[in-house]
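Given next are the chains, with one letter for each unit.
There are 2 protein chains.
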Amino acid sequence: MGQIARHWYFNKRPKDVIEADTLVLREDPVPALEPGQILIRSLYMSLDATNRVWLSDWDTYMDPLPIGARMLGFILGEVAESQNPTFPKGSLVTGLGTWSDWIVTDAEGWAPFPRPEGIPLSDAFGILAVAGPTAYVGLLEIGKPKPGDTVVVTAAAGAVGALVGQIAKLHGCRVVGVAGSDDKCKWLRDDLGFDAVINYRKENLLDALKREAPNGIDVHFENVGGDQLDAGLTLMNEGGRVVICGLISTYNSSEPVPGPYMFRNVIMKRLTIQGFVILDYAAHFPEYHAKLIEWMRSGELKYRIHIEDGLENAVDALRMLYTGGNNGKLMVRIAPDAR
Amino acid sequence: MGQIARHWYFNKRPKDVIEADTLVLREDPVPALEPGQILIRSLYMSLDATNRVWLSDWDTYMDPLPIGARMLGFILGEVAESQNPTFPKGSLVTGLGTWSDWIVTDAEGWAPFPRPEGIPLSDAFGILAVAGPTAYVGLLEIGKPKPGDTVVVTAAAGAVGALVGQIAKLHGCRVVGVAGSDDKCKWLRDDLGFDAVINYRKENLLDALKREAPNGIDVHFENVGGDQLDAGLTLMNEGGRVVICGLISTYNSSEPVPGPYMFRNVIMKRLTIQGFVILDYAAHFPEYHAKLIEWMRSGELKYRIHIEDGLENAVDALRMLYTGGNNGKLMVRIAPDAR
Chain A
1 MGQIARHWYF NKRPKDVIEA DTLVLREDPV PALEPGQILI RSLYMSLDAT
51 NRVWLSDWDT YMDPLPIGAR MLGFILGEVA ESQNPTFPKG SLVTGLGTWS
101 DWIVTDAEGW APFPRPEGIP LSDAFGILAV AGPTAYVGLL EIGKPKPGDT
151 VVVTAAAGAV GALVGQIAKL HGCRVVGVAG SDDKCKWLRD DLGFDAVINY
201 RKENLLDALK REAPNGIDVH FENVGGDQLD AGLTLMNEGG RVVICGLIST
251 YNSSEPVPGP YMFRNVIMKR LTIQGFVILD YAAHFPEYHA KLIEWMRSGE
301 LKYRIHIEDG LENAVDALRM LYTGGNNGKL MVRIAPDAR
Chain B
1 MGQIARHWYF NKRPKDVIEA DTLVLREDPV PALEPGQILI RSLYMSLDAT
51 NRVWLSDWDT YMDPLPIGAR MLGFILGEVA ESQNPTFPKG SLVTGLGTWS
101 DWIVTDAEGW APFPRPEGIP LSDAFGILAV AGPTAYVGLL EIGKPKPGDT
151 VVVTAAAGAV GALVGQIAKL HGCRVVGVAG SDDKCKWLRD DLGFDAVINY
201 RKENLLDALK REAPNGIDVH FENVGGDQLD AGLTLMNEGG RVVICGLIST
251 YNSSEPVPGP YMFRNVIMKR LTIQGFVILD YAAHFPEYHA KLIEWMRSGE
301 LKYRIHIEDG LENAVDALRM LYTGGNNGKL MVRIAPDAR
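Heads up: the sequence lines are chains A and B, in that order. Here the first sequence stands for residues 1 to 339, numbered as in our numbering. Here the second sequence stands for residues 1 to 339, numbered as in our numbering.
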């Protein structure tokens with residue numbers, strides 16, 4: 001068919017931060033479809049902290065991405081051609097795809113994406129693809145907060161953190177958010193209704209947490225790791241739950257990183273520390289989506305979407321996650337939505 | 001009544017290991033009993049790794065022991081005089097008492113100790129007071145092993161570890177024990193039926209664990225911490241449970257100790273890391289005791305008791321726990337059993 005696709009390829013393993021030659025953009029012809037296959041025109045790509053993990057040589061929750069492979073990411077696309085009756089031409093699909101403007105796949109691991117009425121497609125994808133289910137599962141199923149509990153969330157202005165705090169508020173908790181700028185803190189407190197916010201760049205986090213969580217912490221939702229996790233562990237109440245959703249402060253390191261210094265509190269405070277990978281919960285997404293869409297429509301769940309334009313800018317966009325440069329859920333628009 | 005009691009007093013907070021002047025032995029007259037009180041003649045005292053924690057200025061699971069207070073320990077004694085009908089003269093009692101040969105108490109926190117038929121009193125106390133319930137709760141209620149699971153236990157020849165391994169065997173698991181001498185390893189394998197044993201002083205633990213747990217680790221029962229915990233975390237299977245019973249490698253440190261370097265595996269392998277304090281489970285002890293006594297009588301649960309004689313030798317005995325100098329459950333005999 002003569003169609004050309006652009007793909008980001010994994011070129012060279014980064015030692016620490018993502019470098020200019022870590023990923024390279026190349027063009028390949030799009031092959032003709034075989035029976036069962038579909039051709040996806042990518043519309044949006046979600047950028048998530050965990051993307052960096054896929055570039056490490058750690059033993060992680062997925063098979064390691066080999067050098068020379070196309071970079072992986074969560075994609076929303078439109079079926080441009082179809083040899084698969086489950087995914088008719090013109091329908092929306094979402095899945096773990098590649099950083100490509102055109103994708104040919106047998107559709108394994110892809111799912112139809114219902115276009116929710118009254119919510120822009122970018123917002124629906126940004127919240128429902130990864131961040132929303134992650135916040136929902138991590139807070140409610142793993143953190144198990146009770147009304148009146150104090151919930152602390154780090155990277156609180158991030159895509160997941162902002163949702164975690166609001167869902168915790170909806171469940172009657174006192175919510176303390178930790179973020180890295182006064183602007184982010186203001187947004188969390190004034191627009192999202194967090195009870196307290198701490199700019200960890202401006203004051204000692206442990207001291208600030210003692211002030212803002214005077215009754216101790218019942219659920220600590222960790223996105224960052226390092227000092228922030230340690231501050232939380234120090235102030236956990238007995239029987240508290242520590243949800244390890246992300247450890248972004250450690251993902252750029254190729255050297256071994258020490259675990260939390262207050263690890264002994266897992267005994268002293270009888271804590272449960274539990275990690276999770278949202279991919280494991282895919283079968284339950286429709287249930288989470290129904291609840292999330294309800295809250296999005298009612299305005300109970302507020303969010304910011306940060307869109308960078310163009311597949312060619314994907315690497316620069318990804319780097320923002322590690323510098324706190326994004327404001328809200330970070331996505332790349334690869335092509336305009338046809339509708 | 002002119003009776004004199006000897007007590008160990010907390011004299012000076014140790015910086016690292018327990019020092020000669022950390023605890024001092026002094027004599028005090030025994031006061032006359034008030035209504036509701038009992039006078040206990042101490043028979044045995046259990047020495048447990050957690051004793052060292054009580055001497056730290058950490059925020060732990062108990063109120064800190066103030067300098068000048070009598071040192072705390074788990075005691076088995078005989079009621080020598082009673083002004084409390086629940087504890088008649090001549091009956092056995094157990095509880096968290098002080099390092100003393102005579103104890104006057106209102107009996108709060110003390111419980112009658114049934115003398116199990118066919119089991120020496122020292123053994124019954126040594127296994128049932130702390131180590132047995134700790135192994136039972138930690139392995140079965142927190143570790144939740146399934147038949148066929150691989151269970152790794154560190155300090156495997158210690159009081160708790162040896163029981164954990166045997167209870168795991170009784171539940172159909174593959175059991176790998178980590179200990180610090182060939183003698184201990186031989187005992188675990190030949191007498192206790194562990195499937196594999198590793199002397200961590202003689203070979204690289206991670207390499208040895210890869211060999212002895214070729215299918216990965218489902219339940220890691222940690223008594224030590226540090227490198228041993230890291231080796232276990234590295235080889236955990238997805239969804240594995242990491243039971244934090246003790247972190248004895250860290251208790252002698254007054255400086256902050258880094259947590260496990262492989263902490264990221266809590267996400268990558270979707271782990272649950274959970275700590276516990278056996279004191280929280282006191283209400284369920286009769287249920288655990290019934291099961292443990294059954295296994296002790298049938299010979300399914302084997303154990304070694306290491307008795308040091310004399311309250312005056314308690315400090316030297318406690319130090320053994322940190323050098324691996326004891327063989328089996330460590331206790332001090334304070335007075336001979338009258339029967």
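A few of these clues could be false.
[Claimed, not checked] Derived contacts from chain B toward chain A, CB cut-off under 10 Å, selection only:
hint, residue
1, V53
2, L247
3, T250
4, V266
[Unchecked claim] Facing chain A, according to a computed beta carbon distance under 10 Å, are these residues of chain B, among others:
hint, residue
5, D182
6, G225
7, N265
It is worth saying that the hints were derived from the structure and are not from the lab. Just so it is clear, the structure is predicted and the values come from calculations on it, not from any experiment. Backbone N, C-alpha and C fix where the C-beta goes; we use that ideal spot for every residue, glycine too.
Against the structure, the hints:
1. V53: Status holds, d = 8 Å.
2. L247: Status holds, d = 6 Å.
3. T250: OK, holds: T250(B) within 10 Å of chain A, min 6 Å.
4. V266: Hint holds; V266(B) Cβ to chain A Cβ min 4 Å, cut 10 Å.
5. D182: 30 Å, violated
6. G225: 8 Å, holds
7. N265: 8 Å, holds
In terms of the numbered hints stated before, the structure departs from hint 5 and from no other.
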